[in-house]
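In the numbering used here, the protein residues as written are 2 to 129.
Each hint should be verified, as a subset may be incorrect.
[To be verified] Here are the computed lysine to aspartate or glutamate pairs in the DMTMM-like style, where the Cα-Cα straight-line distance is at most 25 Å:
id : residue 1 : residue 2
1  : 63        : 90
2  : 63        : 53
3  : 63        : 52
4  : 107       : 91
5  : 107       : 23
Simulated from the structure, these hints should not be mistaken for laboratory data. Owing to the predicted nature of the structure, the values given are computational and were not obtained by experimental measurement.
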Amino acid sequence: MSRFRTPLKNVRGLGAAKTGTEHFVNQRLTATALVVLSIWFLVFVVGLMGDDHATAMAAVAKPWNAILVVGFLVAMFWHAQIGLQVVLEDYIHNSLLAVALQTTVKFIAVLGAIVSVFAVVRIALGAA
Numbered sequence: 002m003s004r005f006r007t008p009l010k011n012v013r014g015l016g017a018a019k020t021g022t023e024h025f026v027n028q029r030l031t032a033t034a035l036v037v038l039s040i041w042f043l044v045f046v047v048g049l050m051g052d053d054h055a056t057a058m059a060a061v062a063k064p065w066n067a068i069l070v071v072g073f074l075v076a077m078f079w080h081a082q083i084g085l086q087v088v089l090e091d092y093i094h095n096s097l098l099a100v101a102l103q104t105t106v107k108f109i110a111v112l113g114a115i116v117s118v119f120a121v122v123r124i125a126l127g128a129a
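Assemble the whole structure, with the sequences as input and the hints as a guide.
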């Protein structure tokens with residue numbers, strides 16, 4: 002029976018019990034933000050259907066649209082990274098492989114967010 006108990010070191014922050022609540026809350030916050038932002042984004046994109054490239058660029062360049070697109074992109078990449086982290090923690094049991102995959106996922110998510118936000122900023126500032 003004692004083999005099913007969590008070691009005290011986990012409770013004292015030396016194991017997996019460190020950031021579970023924070024992780025859970027971040028996942029729910031990004032999911033909630035994505036529900037609202039995804040609805041807005043779909044309406045925005047559907048409204049641009051049939052328009053030319055210049056009209057779409059001008060629409061994205063409007064300040065509120067640019068801010069909402071950036072918010073959508075950041076929330077999307079953050080939520081994806083959190084979700085993939087949970088999957089990797091649950092299913093990858095080799096420690097070295099788990100660290101390598103976690104690092105790769107985080108790197109790709111941060112790089113994707115930076116590149117996407119940079120593209121929106123360029124459009125918003127008229128440099129594209």
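Results of checking the hints against the structure:
| no. | hint | verdict |
| --- | --- | --- |
| 1 | 63 to 90 | violated (40 Å) |
| 2 | 63 to 53 | holds (16 Å) |
| 3 | 63 to 52 | holds (16 Å) |
| 4 | 107 to 91 | holds (16 Å) |
| 5 | 107 to 23 | holds (17 Å) |
In the structure shown, a violation is registered for the earlier hint numbered 1 alone.
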